[in-house]
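The primary structure of each chain is shown beneath.
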Amino acid sequence: MTAQTQYYVPHGSHWPIVGSVALFMTFVGLSAMLNEASFGLPLMGAGIAILLVMMFGWFGTVVRESEANAYNDQVDRSFRWGMFWFIFSEVMFFAAFFGALFYARTFSLPWLGGEGDGAATNMYLWPGFEALWPSNANGPSQIGGEFRQMGAWGIPAINTLILLTSGVTVTWAHHGLRANRRATLIFGLFLTVALGLVFVGLQAYEYIHAYTDLNLTLGAGIYGSTFFMLTGFHGLHVTIGAIMLIVILARSIAGHFTPDRHFAFEAAAWYWHFVDVVWLGLFFFVYWL
Amino acid sequence: MSAVMVDDHHHDGPDSGIKRWICTTNHKDIGTLYLWFAMIMFFLGGLMALVVRAELFQPGLQFVDPQFFNSMTTMHALLMIFGVVMPAFTGLANWLIPMMVGGTDMALPRLNNWSFWLLPFAFTMLLATLFVPGGAPAGGWTLYPPLTLQTGAALPLLIFAIHLMGMSSIMGAINVIATILNMRAPGMTLMKMPMFVWTWLITAYLLIAVMPVLAGGVTMLLTDKYFGTSFFNAAGGGDPVMFQHIFWFFGHPEVYILILPSFGVISMILPTFARKPLFGYNSMVYATASIAFLSFVVWAHHMFTVGMPLAAQLFFMLSTMLIAVPTGVKVFNWVATMWRGSMTFETPMLFAIGFIVLFTIGGFSGLMLAIVPADYQYHDTYFVVAHFHYVLVPGSIFAIMAAVYYWLPKWTGHLYNETLGKWHFWLSTIFVNLTFFPMHFTGLAGMPRRIPDYALQFTDYNMLASIGAFGFGLAQLLFLYIVVATVRGGERATDRVWDGADGLEWTLPSPPPYHTFTTPPQIR
Amino acid sequence: MTAQLMTAARWLAGAAAAFSPAALAQLQPYNMPVGVTDISREVFGLHMLIFWICVAIGVVVFGVMLVSLVRHRKSRGHEARQFHDSTAAEIAWTVVPFLILVAMAVPATQVLIKMEDTARADLTIKITGYQWLWHYEYLEQDIDFYSALSTPREQIYGLQAKGENYLLEVDNELVLPTNRKVRFLITSNDVLHAWWVPDLAVKKDAIPGFINESWTEIEEPGVYRGQCAELCGRDHGFMPVVVRAVAPDEYERWVAGKQAEQPVAAAQPATGSSN
Ligand code: HEA
Ligand code: HEA
Ligand code: CUA
Ligand SMILES: [Cu+2]
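Protein chains in written order, with this note's numbering: chain H, 1 to 289; chain V, 290 to 813; chain S, 814 to 1088.
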């Protein structure tokens, strides 16, 4: 054990304020874009650029400190708790959208269709509307027009296999790391990243297919809304996870981790398992049921 | 394992100048920033409340346009909740938790800085909405669609501001949890932690669980408005009520986020001035946990009139009523703590006692609101406004003030002026009741909330409330003065400050050195 | 503990006697209206019941606290005892409040079940909220009209003395028969509103795209005033509800008259608010 025995409290850092400014610019820029102001896009672009610089700088600092053995086991545990609760917050973020899907399917659509408490609603406001998931799930006004559902057994099923496999490969890499087999580590990680990217690629293909062939759009009523918000945020998270893994891969190649100290690897792996589990939820509730 | 402070710049004090505050990773500096931020927002949010109260002083439209009135109500609430109470508690957590558990600092110091420094930007965005075309948000802090979707250019700014506040709260909460779970001195077992630490641990859990849900909900608002989704649109198969469920799944735990740390503060102050240990420590911990647990299953008591099925109404009524049990346990334990003590009544104690009485009154009206048939009459009237101001103003705000008086000598090394402190307490207490007690009556008599003008029979009580509000506001200027004066000088405080005080923070010098507990204390 | 309970019970009994519904009705402007329906009276009773229970608990809790504040102070030379636990007491003050809550929940549940029963109505009225007026449709009689605030702007802006029913008056009142079960189908055309008449103890949200049901059976003829109770934008404070309850025969006459003039009314839909 070469790490410090002291709790590391950095002296001061300008990265947080840089991050705040970046987010501020990004969000003000995006707001301006939504309100059709011309300065929106450049402002948002600049914000995102600064945000990237901030992430490089901040994480770079942490990596350097870690490599300089500034962190002890206690610091390591702080990072672990931090990552764990961050992932929990992400779970709750997805819970809001799963909740919306659940609510729409169990309550609002049936009510509009006249079930339960919805008899009067259906009779006076939406006569003739029959709630059928998914075919009628763009609501009584057919918002977004006729669409076809995204089947579960094509790309989604393949994607399920891909993500499940990637969960295995990342664990395999972890074993390699713990056993100090660098080749396994790097190859395992490489496979994981590759699978992740294939997943994202297939997802993008699926979106194009949905828009061009199925007329399934974000605007296709509650079905399109829940479908794209859930899969979209998931895809975003897969992308983030893949970027994390790419960084970890680079650091592994640079020889950063040791068999008993590699929190960053584990954090990325946890995150990856989290997107994996969310996907299983999506596969069941969005595509299959 | 000894955990000694390491400092990469090889000096032990703060940076000089503005950099000290912008780049700081020190929990005390960050705590100070949070507290001052909350103070500023309190005056801004209060000013908005005064606009409301001025317009409501008498019937008729006198000062503001109804739309602007609604903006004031909305912004007032957003500022007070997200800009005052939550940051103030996080400030207290920053200052106190590391000292109370015998840790070096917060577990994740740089993240800590970011948690704070997101806030000024978030609130700049929020306040900027006052100046955009279409005006500031005016749909109420509850942001119900479809009305909120009628907001003009302010909508995305509002939503992104809420995202930033949410990020800030979540990161702050993660830091608190990591600190409590990981930075305790050897021997500081969970069941030895001061109550304030316990309540914050549970609050932090609530925060991490519900802030992301709010973020998700407002994101759906954004996409409904700008990207054609139909979450809250019946024509597309959605439901405006769905937003209410999402909002209150966040919103109800949120109100406990706004009160649990107060419970912690009160549980610290009472034993000191009663010179007697806290009664029923274990049951306090369990009660706090039960409140937190129950808070996840009561949310729809805010929506009894939306037309839920009978079974749902019954479920939410009964679960809501249940919360009175653990809350009662807390109140009874506090009374038992005072019972046969040896009490003195310095300002923090006065505020604590005021808290217990007035919070309980607010709790009672809460219980009345939980009774569905009666809530049909109470809902969206000033009776509700009275309820929540009783739990929030003489509740959360009083607890925060009690905490400031209690720990200010520790933080600054100076004693505040006790006479002025007592004046502040009595003025606040009288005026807070003058402001909010009459609202029970106007509400029962049928005055809806969120209206800029009212029928003649409500006039008397509205006048009283407005006078009270201005009086209460003026009294807070005294508070500002006392705090500033104490920061700048005054009689030197001893290390223990209060002769009945117990806990690790009182073993440190007043003011404590920039870095404390670089060698962890041993707890018996 | 039992002694305290006894005190509470006695207090409660005394209070209940001193405040008979009749006596309380005198307090009208400061309290919930007793109202003019069976349901509204039950709601009022429930309200007073829970109110007095809370008062009683408050008296006990604050009473004990006050005794302590007076007697157990250092300035009186009181020494602090160091006890900090009592399982018996803690169990007692968990169980007793729980039982009190059960006692409150039972009548509340009964009233609620009654309120939710919209079956067997004599007539049905569809109410639609608009920014910022109400639209009433008598589904069986083919009558429909809009109902908007009739208080003149001058009164609102203080250019003219305010009338007795300032902000609580409309151009077309909702006329209902007494002693008939009236079912309301409540919805909205734009944002959320809530249709509320305190004297009927009816408050239901008007939700665009959905219909909520409620009902009333008014026992006394009269004019009952209420307001929109869900923030609906700029003129949320200016969309009152006025119900005129009349005897059934008079109601029939009103219906006949209304049906005769109906085509005219339908030809001129009301728009906008009056202020
Ligand atoms: C700090 C914030 C806070 C706290 C602690 C509470 C506490 C409670 N609240 Fe409140 N509430 C709000 C903030 C808070 N509330 C806000 C902001 C709103 C309005 C939001 C909006 O619409 O804008 C609101 C609205 C609100 C409603 C919706 C009203 C409506 O819109 O129609 C309801 C309904 O059930 C409710 C109930 C309760 C209950 C039962 C408690 C309980 O926790 C209270 C428990 C405490 C006690 C009961 C007192 C002490 C107990 C004893 C002494 C034991 C013995 C007692 C008995 C057995 C009775 N609250
Ligand atoms: C923690 C939360 C919190 C706090 C502390 C307060 C504090 C106050 N609130 Fe409010 N309030 C809410 C949370 C809070 N409120 C919420 C959630 C709502 C619901 C919003 C909605 O419907 O969407 C609400 C709504 C609300 C309303 C109803 C508005 C409506 O329905 O239209 C009113 C009306 O009187 C009101 C008044 C006040 C007053 C007078 C104070 C006072 O305590 C404020 C005291 C502070 C000051 C007055 C400022 C300090 C002094 C100065 C600025 C110096 C200058 C002073 C003078 C010259 C006198 N609040
Ligand atoms: Cu309609 Cu408020
Ligand atoms: Cu609540």
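Bear in mind the hints are in silico, worked out from the structure with no lab data behind them. All C-beta atoms in this analysis are idealised placements derived from N, C-alpha and C, irrespective of residue type, glycine included. Be aware that a few hints might be false.
[Unchecked claim] With the Cβ distance kept under 7 Å, some of the chain S side facing chain V (calculated, not the full set):
hint, residue
1, V856
2, M861
3, L862
4, L879
5, H885
6, E892
7, P920
8, I956
9, I969
10, L972
11, A974
12, K1016
13, R1047
14, R1066
15, V1068
Hints versus structure:
1. Look at V856/S: its Cβ gets to within about 5 Å of chain V, closer than 7 Å, so that hint holds up.
2. This hint is violated: M861/S has a C-beta 10 Å from the nearest C-beta of chain V, more than the 7 Å allowed.
3. A hinted interface residue such as L862/S counts as satisfied when its beta carbon comes closer than 7 Å to some beta carbon of chain V; here the least separation is about 9 Å, so the hint is violated.
4. Interface hint status for L879/S: violated, as the beta-carbon distance to the closest one in chain V is roughly 10 Å, over 7 Å.
5. For H885/S, the shortest C-beta to C-beta distance to chain V is roughly 5 Å, which falls under 7 Å, so the interface hint holds.
6. Annotation: interface hint on E892/S holds; nearest CB of chain V at approximately 6 Å, less than 7 Å.
7. Hint status for P920/S relative to chain V: violated, with the closest Cβ pair at about 9 Å, above 7 Å.
8. Nearest Cβ of chain V to the Cβ of I956/S: about 25 Å, over the 7 Å cut. The hint is violated.
9. Restraint check, I969/S versus chain V: the minimum CB separation of about 6 Å is within 7 Å; hint holds.
10. Interface restraint check for L972/S: the shortest CB-CB distance to chain V comes to about 9 Å, outside 7 Å, so the restraint is violated.
11. Annotation: A974/S was flagged as interfacial toward chain V, and the flag is violated, the nearest CB pair being 11 Å apart, outside 7 Å.
12. Restraint check, K1016/S versus chain V: the minimum CB separation of about 5 Å is within 7 Å; hint holds.
13. The closest approach between the C-beta of R1047/S and any C-beta of chain V is roughly 5 Å, which is under the 7 Å cut-off, so the hint is satisfied.
14. Proximity of R1066/S to chain V is violated relative to the hint, the smallest CB-CB distance being about 30 Å (cut-off 7 Å).
15. Interface hint at V1068/S: violated, since its Cβ lies 28 Å from the closest Cβ of chain V, which is beyond the 7 Å cut-off.
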